[in-house]
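With the hints in hand, could you dock these two chains into one complex?
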Amino acid sequence: MSSKINNHISFVHLTSNVKQTIVATLSVTFGISMYVFMNSFMTGVNDSQSRLAFSTLAHVRIYNDGPKDRTNLLQSTAGPNQLVNLRNAKVIQYTDGIKDTRAIISLLNQQKENAGVTSQVNINVFFRGNAIKINGILSGVEVDTENKLFNTSGYITQGNWNDLKFRTDAVIIGSGLAKNLSLKVNDNLNILTGDGITKNYKIIGIFETSIASVDKTKAYLNIASARQLLSKNQDYVTDIQMNIADYNHAKEVAAKVAPAIPYKVESWEMANGQLEAADSLREIIAKAVSLTILLVAGFGIYNIMNMTVNEKIREIAILKAMGFSGNDVTQIFLTQALVIGCIGGMVGMLLGYAVATAVNHVPFKIAGLQTLPMAYNSIDYILAFVFGIITTFIAGYLPARKASKIDPVTIIRG
Amino acid sequence: MQMENIALQAKNISKFFYQPEPFKVLKDISFEVQSGEFLTLIGKSGSGKSTLLYVLSTMDTDYEGQMMINGVQLTGKTQNELAAFRNKNIGFVFQFHYLLTEFSALENVMLPALKLGQYSKAEIEEKAYRHLSLLDLKEQALKPASKLSGGQQQRVAIARALINDPSVIMGDEPTGNLDSKNTKVVFDIFKQLARENNQTIIAVTHDDDFAKNSDRVIELSDGNLIRN
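Protein sequences, first through last, are from chains H and E. Those letters in the first sequence? Residues 1308 to 1721, by our numbering. Those letters in the second sequence? Residues 6 to 233, by our numbering.
Chain E on its own, in the form it takes in the complex (with noise of 0.2 Å):
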């Protein structure tokens, strides 16, 4: 297998939580993936697989071992290094859509892309009006975030991660929020994505379904991989 195809690299990562005795969350963790490669981690609740993916995601940096997205090298970059490569390589989907709830849905989706600054605000607005018809949102990308469903601030959140068109998109739970019908709908843009565009996409999730369509399950217990 050629190294150009990997996209992400995980050696040996172990995580220690201290509160409120010192716990280790994560023991030893090391796999690949395959770039296009549609990938789900599953495993009970306590199991580690959401601080797996916050560590993956390169937003918690307190963890031992090493990890490498794309070839680089990203354990023991700064803050700001990470939050620059975050912006340019990995869309993120929160379990609880976590929008900026002052911003219009529009807004939302835009932020990103307006902070890489590589495409002309007009372009930047184009693209986001097509992510969110894709996600049957065009409607409400006026909307105050705050004003919208829950189900319809969790597909915001999903447009507003893959603007940037990011090599890595990750989720946690990214369809836990939504009914059976737009489980689908995003179900069926992450697996085009990965298929045609060679994204590669890491989530989390409790739906049987969800995972067992993906290319490959990783299953966690108890800080474990028990299934690669």
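Chain H with its partners taken away, still in its complex shape (with noise of 0.2 Å):
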């Protein structure tokens, strides 16, 4: 009876000033869409950011890191009163690649966190065009893995990925190397490597990632036919490259398979320390973003809550004239901020969303993006919305709770 009676004065509060209802509702749903549409914003940049940063490198990279410094092979026998002096040293030439790859990839098959790994055989290249010799690196891909690691088809603007699978004969260049050497698709395009050997390919397609350096310098073919333009057995491979659920864990994982291999095993921090510092900042930026908004939010929801409180800190003293206890008017006050919590909250949820769905179709078209980025992660929605539904509660109990314990004569007499 007494919380029926409770819930009526709150109805009656909240519907005899609807004027002051809306504003109280409308600085929750302005809060929490701000909440959710910069949270989506930031996650959506910090998203395609990786994505780009990731579209040619993997998270774990595996290949023979060459030998070590063999200037000097003989100072390490030599006694403390030795003194070593080699002149014109002749190095034996070392294996390049990687041996055993079979072990290696169903080794890291094995771990839980794996979401990809493929060989690369990357070589050294002159490509020569019809004027100039450009150097750049000839990737021989395994085509079905590469696509799964680096969605390099999607980077395709000509031609096909898939058509690599079938032919021997061709690659798939960069737009920016296509464009130094004035080639295009159906053109032929002389190979020169290391060792001398010369060979002519078919362009059958362009890709263009966005990053210059890549774009400028990279080929890709078939890794059986880079296999054949080295000579080398069917077993041989410069790179793996491994991709994991999370590329956060990239580390951890290249600790664990490490002692394993025999190689060099690098995760992607330990090859690009500025991409690491770049993900950090990014992440420190969002958050700091993240928190101001809520102490901004929160305060506004809690300055009208509080204002609410105290314009009707006359009728609390009548209330409690009449017998009202102190339970019964922090459960008035705390029925409205609920209800005013849960509304706006609401609001606020759909509002935030058609921001994002309409920043989100901003058009933008640098780098690959289309439009500007945008998350859609329901977890920034439940987060906003719970937030919005506790600073609203503490915003309503706080005062309520002042007012339901001073004597309603303190507050008839002013």
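FYI, nobody ran anything at the bench for these hints, they're computed from the structure. Among the hints, a few may not be true.
Calculated lysine-lysine pairs in the BS3-like style (CA-CA distance at most 27 Å, straight line) [said to hold, decoys possible]:
id, chain 1, residue 1, chain 2, residue 2
1, E, Lys-93, H, Lys-1311
2, H, Lys-1455, H, Lys-1523
3, H, Lys-1455, H, Lys-1539
4, H, Lys-1709, E, Lys-93
5, E, Lys-148, H, Lys-1326
6, H, Lys-1712, E, Lys-93
Remember, it's a predicted structure, so these values are computed and weren't measured experimentally.
Below you can see the structure in the form of structure tokens.
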């Protein structure tokens, strides 16, 4: 009975001054939609940045790092009082590439974090066009797994990525490279390897990653053709690339498999310190902005709720004089706060979604993007809603509790 | 005199105001009120009569001394216990009507009874209508309280104070805003409640006629009881 009458009073308070109720609800709506939108936008930007960064970079790379420093092999065997002097030392040729790749790949595939492994034969070559020579990398790839790791087919602007699978005489080259060599699809491309071998390939496609250094220097061909070009066996591989489910755990996975692999195992952070720094910084900024929004929106909501309760302070005194307890008063205002929080939160999520969708449609044609990036994670929406409810709850509770504790006469006397 | 007949007992009540400087408003006030007694409190403004009434009404807990109503020791009780006690046993009429302006006159009268929850809503509504007609307010029942004149609001506040049949009815100048005709109506109602229902009335007033016709007059001056 008592709680029914309290709810009735809450309802009358909410509906008798609709304007103020709407203002309070809007302050919640505004805070929550801002939080949803900013978080979605920032997550979207971060995701697209990572996608861009990992378009040619695997999370873990395994390669033959070459021999140790062998300029003075005898120094280690010399005694403390002996000096070694070697002149014109001739170091015997070391084996390049990775041996026993099958065992390594099966080891990588056993890792539970594994999200794809591919092998590459990367060759430093000269691309020779009609007029000029350009130094670059010819990358022999496993067509299917390469695409799975790097989504290479998504960057193809002309031709078809899968055609590489069946053509041993074909290459797909970067857009910058094609432009600099003045070549187009169906033209021939002459390649000169470091060992002095030249071979002609047919250009069957053009790709564009929007990373200029890659587009200007890279060409893909089938891994079998690459081995053939180097006269290597069917097991020959220069790089094994691995992606894992969460790229933030690349370091741990690299450290875990490294002891079992006699080659250099490198996570993306080790190879690209600047990327890791950028990634961490973006995350810190995202958290800082998110926290700022929480604070600003929280204070906004608190202010409005506080005002709402303080405006009713005389009513509180009258209710108490009539015999309503402090708990009744708190309950009356908490109910109002919850209703405002729920409605404001729900509308806020919808408004946040609407703003996010609208911004997601703003054209932004730079670096492979078409529109401004946006993420739609339900967790952002849930967090925003929960935050809105909690803030309104606290903002309603604190002044209500204060009012519920003082003698009614103190309020009436002023 | 038997204990059961004592409605209210005040023992050595003292109270200080601390703003702007410490000042003793009530000085060791002790008296008793019989149940069914119609008592008026008079005194010049600043004599402490309203302050004393607020202490007696349990709405002010910041005092020294002891206070009992209907044999229940009220000094030292928690706010929530006092609220429940007020709801059932005390009807209070403020000097300036103090209605909930967002509610209708009828709802204002019904609220304390709905809070008490002893009767059904229909019964409470019927009873509220009866009180309102008694005070010539039946036509105003469904109007929002804010749309009523000062005198009408005052009478609604009186109806509200009566709704739970409290054993003690207190008023801080309950007829201050009323014309002589309505003052007489209210006076007669109070008198009748005291005679027939044995309800105790304690009213602060400036109206000498009102005081003269009550059962007993207590006069305060500078926080001291000078007539008991």
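Cross-check of the supplied hints:
A C-alpha spacing of about 18 Å is found between E:Lys-93 and H:Lys-1311, which places the hinted pair at or below 27 Å, so the restraint holds. Pair hint H:Lys-1455 plus H:Lys-1523 holds up; C-alpha atoms about 23 Å apart against a cutoff of 27 Å. Using a Cα cut-off of 27 Å, the hinted pair H:Lys-1455 and H:Lys-1539 holds, with the two alpha carbons roughly 25 Å apart. With a C-alpha separation of about 25 Å, the suggested pairing of H:Lys-1709 with E:Lys-93 holds against the 27 Å cut-off.
Taking the CA atoms of E:Lys-148 and H:Lys-1326, the gap is about 21 Å. The hint holds against a cut of 27 Å. About 20 Å separates the Cα atoms of H:Lys-1712 and E:Lys-93, which keeps this hinted pair within 27 Å; it holds.
Checked against the numbered hints given earlier, this structure breaks none of them.
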